[in-house]
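Protein chains: 4
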Amino acid sequence: MSDSFEIAGRGLTSRLFIGTAGYPNRQIMLDSIVASGAQVVTVSIRRISLEGYAESMVDLLGSDYVLLPNTAGCSTAREAVLTARLAREALRTNWIKLEVIGDRETLHPDVTELLKATEELVADGFTVLPYCNDDPVSCRKLADAGAAAVMPLGSPIGSGMGIANPHAIELICARSTVPVILDAGIGTASDATLALELGCDGVLLNTAVAKARDPRRMASAMRAAVEAGRHACLAGRIPKRTHAEASSPQLGLIGT
Amino acid sequence: MSDSFEIAGRGLTSRLFIGTAGYPNRQIMLDSIVASGAQVVTVSIRRISLEGYAESMVDLLGSDYVLLPNTAGCSTAREAVLTARLAREALRTNWIKLEVIGDRETLHPDVTELLKATEELVADGFTVLPYCNDDPVSCRKLADAGAAAVMPLGSPIGSGMGIANPHAIELICARSTVPVILDAGIGTASDATLALELGCDGVLLNTAVAKARDPRRMASAMRAAVEAGRHACLAGRIPKRTHAEASSPQLGLIGT
Amino acid sequence: MSDSFEIAGRGLTSRLFIGTAGYPNRQIMLDSIVASGAQVVTVSIRRISLEGYAESMVDLLGSDYVLLPNTAGCSTAREAVLTARLAREALRTNWIKLEVIGDRETLHPDVTELLKATEELVADGFTVLPYCNDDPVSCRKLADAGAAAVMPLGSPIGSGMGIANPHAIELICARSTVPVILDAGIGTASDATLALELGCDGVLLNTAVAKARDPRRMASAMRAAVEAGRHACLAGRIPKRTHAEASSPQLGLIGT
Amino acid sequence: MSDSFEIAGRGLTSRLFIGTAGYPNRQIMLDSIVASGAQVVTVSIRRISLEGYAESMVDLLGSDYVLLPNTAGCSTAREAVLTARLAREALRTNWIKLEVIGDRETLHPDVTELLKATEELVADGFTVLPYCNDDPVSCRKLADAGAAAVMPLGSPIGSGMGIANPHAIELICARSTVPVILDAGIGTASDATLALELGCDGVLLNTAVAKARDPRRMASAMRAAVEAGRHACLAGRIPKRTHAEASSPQLGLIGT
Chain A
0 MSDSFEIAGR
10 GLTSRLFIGT
20 AGYPNRQIML
30 DSIVASGAQV
40 VTVSIRRISL
50 EGYAESMVDL
60 LGSDYVLLPN
70 TAGCSTAREA
80 VLTARLAREA
90 LRTNWIKLEV
100 IGDRETLHPD
110 VTELLKATEE
120 LVADGFTVLP
130 YCNDDPVSCR
140 KLADAGAAAV
150 MPLGSPIGSG
160 MGIANPHAIE
170 LICARSTVPV
180 ILDAGIGTAS
190 DATLALELGC
200 DGVLLNTAVA
210 KARDPRRMAS
220 AMRAAVEAGR
230 HACLAGRIPK
240 RTHAEASSPQ
250 LGLIGT
Chain B
0 MSDSFEIAGR
10 GLTSRLFIGT
20 AGYPNRQIML
30 DSIVASGAQV
40 VTVSIRRISL
50 EGYAESMVDL
60 LGSDYVLLPN
70 TAGCSTAREA
80 VLTARLAREA
90 LRTNWIKLEV
100 IGDRETLHPD
110 VTELLKATEE
120 LVADGFTVLP
130 YCNDDPVSCR
140 KLADAGAAAV
150 MPLGSPIGSG
160 MGIANPHAIE
170 LICARSTVPV
180 ILDAGIGTAS
190 DATLALELGC
200 DGVLLNTAVA
210 KARDPRRMAS
220 AMRAAVEAGR
230 HACLAGRIPK
240 RTHAEASSPQ
250 LGLIGT
Chain C
0 MSDSFEIAGR
10 GLTSRLFIGT
20 AGYPNRQIML
30 DSIVASGAQV
40 VTVSIRRISL
50 EGYAESMVDL
60 LGSDYVLLPN
70 TAGCSTAREA
80 VLTARLAREA
90 LRTNWIKLEV
100 IGDRETLHPD
110 VTELLKATEE
120 LVADGFTVLP
130 YCNDDPVSCR
140 KLADAGAAAV
150 MPLGSPIGSG
160 MGIANPHAIE
170 LICARSTVPV
180 ILDAGIGTAS
190 DATLALELGC
200 DGVLLNTAVA
210 KARDPRRMAS
220 AMRAAVEAGR
230 HACLAGRIPK
240 RTHAEASSPQ
250 LGLIGT
Chain D
0 MSDSFEIAGR
10 GLTSRLFIGT
20 AGYPNRQIML
30 DSIVASGAQV
40 VTVSIRRISL
50 EGYAESMVDL
60 LGSDYVLLPN
70 TAGCSTAREA
80 VLTARLAREA
90 LRTNWIKLEV
100 IGDRETLHPD
110 VTELLKATEE
120 LVADGFTVLP
130 YCNDDPVSCR
140 KLADAGAAAV
150 MPLGSPIGSG
160 MGIANPHAIE
170 LICARSTVPV
180 ILDAGIGTAS
190 DATLALELGC
200 DGVLLNTAVA
210 KARDPRRMAS
220 AMRAAVEAGR
230 HACLAGRIPK
240 RTHAEASSPQ
250 LGLIGT
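Taken in order, these protein sequences are the chains called A, B, C and D.
The opening position of the first sequence corresponds to residue 0 in numbering that gives the first Met the number 0, with each subsequent residue numbered one higher.
The opening position of the second sequence corresponds to residue 0 in numbering that gives the first Met the number 0, with each subsequent residue numbered one higher.
The opening position of the third sequence corresponds to residue 0 in numbering that gives the first Met the number 0, with each subsequent residue numbered one higher.
The opening position of the fourth sequence corresponds to residue 0 in numbering that gives the first Met the number 0, with each subsequent residue numbered one higher.
Excised from the complex, chain A in its bound form (with noise of 0.2 Å):
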């Protein structure tokens, strides 16, 4: 049952991508990666990761996975766009996972801006997987523009509230030409299963297993969660029908 997918000709077998932010102390942090069977490892660029957090990053995660920079805290294309450039610097790794946040308060992304600074970066050779909203039409854009995946937020992010609206993801899903990742507003194991379910590529998420009573446990669970809903979706679920169905046969009923 062997099953990977590819972004920009990367090969993937595991679907969950998941953060470094947030967790206890280090050790869990390492841990919880190993226990998540994830590939793909997202980092956030500040300028005091460049004097030392950066390259201890590389150090401790480069060599084991795929390490996707995350453009996080910024609001305009420009600020996207130079910190994309200091990441490919700091972790030698053309891929950025471009956050351009509409406001600070519900950390909505802003399309717009989203979109031009998705032109640019991949005018300038990056693999660019935009973190987006749950809106096809910007979806498609976004591939148009050369994005390499899509990621449409379930919830806001770090809510936990999960997917909120199920049947957009599913209409982002049917009609993407690339990967869709869904990102932000994962807060436990039936978030991610329903993800796949929907036809989502892959989760990535990292609150919910950092600030997780127990990280560790939250990121085994985060990895059985995606391999349920990857092969859920795969085997075509039944049915939802408003009305029972016997399962058990009707004749020969003890009794009648």
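Hints listed in this document are in silico derivations from the structure and should not be mistaken for laboratory results.
In this text, a Cβ means the ideal position worked out from N, Cα and C, and glycines have one as well.
Each hint should be verified, as a subset may be incorrect.
[Stated by the list, open to error] Quick list of in silico lysine-lysine cross-link-like pairs, DSS-like style, CA-CA up to 27 Å: (1) Lys239(C) with Lys115(B); (2) Lys115(C) with Lys239(A); (3) Lys115(D) with Lys115(A).
[Claimed, not checked] Using C-beta positions, here's what the derived DEER-type ranges look like: (4) Gly10(C) with Glu104(B): 42 to 50 Å; (5) Glu244(B) with Gly235(D): 56 to 64 Å; (6) Asp2(D) with Thr241(B): 32 to 40 Å; (7) Arg25(A) with Ser3(D): 36 to 44 Å.
[Unchecked claim] Here's a subset of chain A near chain D, in silico, CB distances under 8 Å, partners left out: (8) His107; (9) Val110; (10) Leu114; (11) Leu170.
Chains B, C and D: place on chain A using the hints.
The following block gives chains B, C and D in isolation, referenced to the frame of chain A:
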């Protein structure tokens, strides 16, 4: 991370109970049961069962699995008790999944008859697992009457609607003095994951696997789903918030 | 568009039943009842009621409203039957909202005791409206036992969670031989509208109005909500589709 | 309890905006509009409109209603701007419901083109009400560009799925500097009630009434639904609790 539970003193490591009805053929059934990792396998008892089918189920499955005969299709305590006794003879087990159906259309349980049958079978030495509705009072009464576990429905049998009332299931789990096995309504993997997250000790399903397009793969999905849900339950999920919360550190943004 | 229904032969034009407990003061209670347009008003019976309160409720409301005493807080058939009889004396009505609570924490009904009390009170000439769970089998048994209506819960009393399992309520309405009044759990106007859309004949609520910031205005909201839901139910809603469908004509677009 | 709101300086007492497409016949359309209590009525502009239809709509409705032409079916800013200008000529109004569709299948808006058209039409003196997605950032940008109101979708046009992401709509309402009119997806009365409860200033719908089995009655339902939702929003609903809370006083129970 070993994690087992007990029903009537019997330790179980798998939290998935699986049915044997409705598969495309016997080989797919056997493969699916193996793929599911289940230890407890339900079989329905019919008159015809007593002339060969039950024996063949014992031959096929009896050495590797805990067989759990059910009284599917019974609509009175009298019928159910009679069926349970025949099942005990035929399958040489005193475990019984007790179904007493209140009407043939919704297949909802008849709680009054169920209680009566539970009392009678417990007195007769059975280990009784009643299929009941998602009502905390009925569940408590069944446990008080000696049920070894309670099996509230997620949604109508065969409907694939999942868990119609997660709050009720959570209430039942929080208060039950015996194991809670979600029974009926599971449609896909995320439903099973959710059941465990809500606090259920296990999940029983049949149609969701037997009638999936690829039963073997769906059985694998369910195995992983239950594992994911159990880990998530123990790991302690993050709270749901209505507002966003940045996962990445907010200091030292580039360009600020 | 006049549209009435009957309980035990009594025609009712308002489909909203309202409670009298928990208002900031008596004047707000009276104003709220007027604003709600309710014809049936519930009052709880307590020992102290029998020393003045019940009489004062009769004086206050008895000439303008159908008083519906309830047996709130009773936990056995015996207590409930006794309370109903005292209520009949005190309020000079044989209508009774029958509550038999299965536990003091969830306030879920005890279906077995409820059935017993229903049979006894029906035999004694009462018009019995039992508060029950959202289970089609229990509802049918109560109707068979002579209940004049059934009152399934939307969600736990006072929770304001609305209708936790709309499918179950819809099933009950589609099959009931007596009027169905949704009771318990209503939190806001859209919950009441939904109840009527699902096929309920009416809605009973108390806390949602009494504890709203502005009870009088919430009573107006509920009056309109019930009217909206009833009209919508009769008007025959459009089906839900998973895909968009243009409402405007597609011919002759400008610029094409 | 009078309660009005303003769009572009014009006071409105009805919070229901209704469309004119797809009714069984013109009389039912007119009756439904009357029954709905709407003051604002949308009409779509087509080439054929300009040869009689638009004039006839002005004759039919122009003296009693605020006509709101829409640019339904346009897929670029250029087409939409052209359509808006023709509508202004034909209907003698500078109000325009701006639709710029991103794809013909989902009918989701194209936010980038929408912003461009909004800016252009605002500069040209139009009162612009853009149909947009349920994204707080896009809504804010449209308001900043001079939109007189924003009209986020509940769910895809004509789908009848209601409000797919209530949290997003609530976020938008809490932060918007201009009125929020929920547009698209309304299927039945409770959807409209919910929109107002979430904080929307109004609701625009068409198919839910025009294609109901009885459009006139559904129009009455919607009128009451919007009133119910508005009152409930102002009345301040009770909080949702996960646990029950008795509404009746707990002292002096009979039989204790």
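(message) Taking the Cβ atom of Glu244(B) and the Cβ atom of Gly235(D), is their distance within the range 56 to 64 Å?
(response) violated (27 Å)
(message) Hint validation: Val110(A) versus chain D, beta carbon distance must be below 8 Å. Holds or violated?
(response) holds (6 Å)
(message) 32 to 40 Å was suggested as the range; check whether the CB atoms of Asp2(D) and Thr241(B) agree with it.
(response) Given a distance of about 26 Å, which is not inside 32 to 40 Å, the answer is violated.
(request) Starting from the range 36 to 44 Å, see whether the pair Arg25(A) and Ser3(D) falls in it by beta-carbon distance. (result) violated (59 Å)
(message) Can you confirm whether the C-alpha distance between Lys115(D) and Lys115(A) stays at or below 27 Å?
(response) holds (15 Å)
(request) Can you let me know if the beta-carbon spacing of Gly10(C) and Glu104(B) is within 42 to 50 Å? (result) Distance hint for Gly10(C), Glu104(B) is violated at roughly 31 Å.
(request) Double-check Leu114(A) for me: the hint is only fine if its C-beta lies closer than 8 Å to a C-beta in chain D. (result) The hint holds - Leu114(A) has a Cβ within 8 Å of chain D, the shortest such distance being about 7 Å.
(message) Restraint: His107(A) near chain D, CB-CB cut 8 Å. Satisfied or not?
(response) holds (5 Å)
(request) Closer than 8 Å between Cβ atoms is the bar; does Leu170(A) clear it against chain D? Give me holds or violated. (result) holds (6 Å)
(request) Take a quick look at whether Lys115(C) and Lys239(A) sit within 27 Å of each other, Cα to Cα. (result) Violated, because 37 Å separates the two Cα atoms, which is more than 27 Å.
(request) Take the C-alpha atoms of Lys239(C) and Lys115(B), compute the straight-line distance between them, and say whether it is at most 27 Å. (result) Violated - the C-alpha atoms of Lys115(B) and Lys239(C) are around 42 Å apart, more than 27 Å.
Hint violations for this structure: numbers 1, 2, 4, 5, 6, 7, all remaining hints satisfied.
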